[in-house]
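Asker: Chain B: place on chain A using the hints.
Residue numbers (the working numbering), protein chains in the order written: chain A, 37 to 142; chain B, 9 to 561.
Don't read these hints as lab results, they were simulated from the structure. Check before you lean on any hint, since a few could be wrong.
[Said to hold, decoys possible] Some residues of chain A that are not near chain B, with every Cβ distance over 10 angstroms (derived):
{"no.": "1", "residue": "Gln39"}
{"no.": "2", "residue": "Phe40"}
{"no.": "3", "residue": "Leu44"}
{"no.": "4", "residue": "Ala73"}
{"no.": "5", "residue": "Ile115"}
{"no.": "6", "residue": "Asn116"}
{"no.": "7", "residue": "Ala118"}
{"no.": "8", "residue": "Pro122"}
[To be verified] Just some of the chain A residues that point at chain B, by a computed CB distance under 7 angstroms:
{"no.": "9", "residue": "Ile94"}
{"no.": "10", "residue": "Ala123"}
{"no.": "11", "residue": "Val124"}
{"no.": "12", "residue": "Glu134"}
Glycine included, every Cβ here is placed at the ideal spot set by N, Cα and C.
Listed here are the chains, written in short residue letters.
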Amino acid sequence: MEQFTLTLPSSAPPQDIVHAAICGVVSSGNLEVLVEAAANRDACEIEVNTSAHGFRDIWEAVLKDFAGRHAVGGLRLSINDAGATPAVVSLRLDQAFETCRGETSS
Amino acid sequence: MNAPATPPGRWDNLARSRAVRLARAASFAAGRLVSADHIVALLEAVIEPGDRVCIEGNNQKQADFLARSLVKTDPARLRDLHLVQSVLALPEHIDLIERGQVSRIDFSFSGPQAGRLARLVESGKITIGAIHTYLELFARYFVDLTPRVALIAAQAADREGNLYTGPNTEDTPAIVEATAFKGGIVIAQVNEIVDKLPRVDIPADWVNFVVQAPTPHYIEPLFTRDPALITEIQVLMGMIAIKGLYAEYGITRLNHGIGFDTAAIELLLPTYAAELGLKGKICTHWALNPHPTLIPAIEAGFVESVHSFGSEVGMERYTAARPDIFFVGQDGSMRSNRAFCQAAGHYACDLFIGSTLQIDLQGNSSTATKGRIAGFGGAPNMGADARGRRHASPAWLRAGREGRGNIAMPRGQKLVVQIVETFREHMQPTFVERLDAWDLAAMANMELPPVMIYGEDLTHIITEEGIANLLMCATPQEREQAIRGVAGYTPVGMARDLRMVENLRDRGIIRRPEDLGIRKRDATRDLLAARSVKDLVHASGGLYDPPQQFRNW
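Next up, chain A with everything else stripped away, as it sits in the complex (with noise of 0.2 angstroms):
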């Protein structure tokens, strides 16, 4: 197992989808993403447990990728991988926070 923990400048969401104590839960396989409200509303805390050791630069430019591509300050991510690929890892981010979008836009 491998754990680290990553805070991202980001933007906050323009909707205030930080009331939701838990926005969702995404899952398949091998990745799970569970998102939280936080307190710091210009970055978001990612929080990263996996399976593989030694790909902790390609983490980093994925997440740095996805606080980059969307609103996510105010938000917490845990991450809990079983192996996933990247391809894998940046879709279901994306979907998880598509998903808190949705929900509480609607």
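Answerer: Just chain B now, with coordinates in the frame of chain A:
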């Protein structure tokens, strides 16, 4: 007027040699029929040292009883053989090399035996003539690699020796034609001997001996992809292919590879493609084996015609019940033919799409990895521009305009697409600076690195990041950046020039899912027309009978 007398042996050595061999074998056969107990003795009587031998090994149907029997022959008598066959799939094929009976091989694909083969090459026990495409090897059967003895597999024989190959005709006609008409000897293993065949696929006078095998020949269900294993990334890439390529170019005639990526596309036709209004506009005519994952699209009326290289285990009743779609004999069963279907895929299709293990910065792709000599089967013929093509179609002409620009002489180009996730299993990057094929070529003393699809033939790459259109790249530098620009978080992808990649995106050379109006949220397995093998059985109205290993109910 009398023909001038010809001294014996001047022009008929092959026929005389055949007669000698047949005379030696006569005591082990009753006419054309050989009992299974006598087959080893018959093989020793017929085959001579140094012979070119084909043990019919297709990527599906295997002359497995004859292969096992050949392994039981005396290595002192049958040695220095030259195997010329499309696939080295069975352990017995490699056993023959280990036993010192085979010294040279010319083949196309060795999938399951790739590791053992590589070790034997490294130890110098075997020389590889070349790794061919299927069509290329068949062509050489008629030029300089004609088999002296062909050991083939058929479903049934009648008492005359006529053969019925059933849906898995595959390579048989090409092998038998070359052997029988050039002084060779054809020995067929059959599952049963019957009084009357449903139809004659190979006439008796092209066949010398028939043996009923103790067990039916093995057929590999190579084209069955369980929809339950299709990932959301594959769904996303399938959506990109359908909207960004098939719809864009109006692809009606095509060939798919055998991977899960293309199975996902097949299962998205009745759902995603139908929603886009593409029914009747794309994917109507196919060079394709009867993929179970194509059933929902056929049932939805997407498909008009499918010609097949081989068949697929469990699809017999379904194909027989859809004779408007598949090529079916008057007896009611499907007929396949690898040589004709390869020609169809090469000349009559506008698009090939398949997967690979490695792609380099020039767009060369290879399935060769260190320690495995796997070969590539038919992909190079499917995945190559047909330089001899002389008929036009809108998709072909558009690709030609994009690739060649406005040159004086109008000419099209085939769309050759690789669809890959940027990382494979165990975080192996698909995109690499240098193909493993180079190391393999050095290790095995090959004159050519085993490249499956050359970069100059590749027109598009699809990954989870989007499409790279290599046709529209003006310079080698642009081409390299277009490849890096869809290579994700691989070292090759991370080394992209961000500014150049954004420029390529502005010009539509790289298109992201959002550029195509594809919402990633929609890329879920719910979009697949079947999500399990059981769903495929239901879609077929109970006609599809999946092999045991794909049943979990």
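Asker: Could you run down the list of hints and mark each one as holding or not?
Answerer: Outcome of the hint check:
1. Gln39: For glutamine 39 of chain A, whose nearest Cβ neighbour in chain B is about 18 angstroms away, the distance exceeds 10 angstroms, so it holds.
2. Phe40: Non-interface label stands for phenylalanine 40 of chain A: nearest chain B Cβ at 17 angstroms, farther than 10 angstroms.
3. Leu44: holds, 16 angstroms
4. Ala73: holds, 21 angstroms
5. Ile115: The claim stands: isoleucine 115 of chain A keeps its Cβ more than 10 angstroms from every Cβ of chain B (closest is about 15 angstroms).
6. Asn116: holds, 17 angstroms
7. Ala118: holds, 13 angstroms
8. Pro122: violated, 4 angstroms
9. Ile94: Constraint on isoleucine 94 of chain A satisfied, holds at 5 angstroms.
10. Ala123: holds, 4 angstroms
11. Val124: holds, 6 angstroms
12. Glu134: Since chain B brings a Cβ to about 4 angstroms from glutamate 134 of chain A, closer than 7 angstroms, the hint holds.
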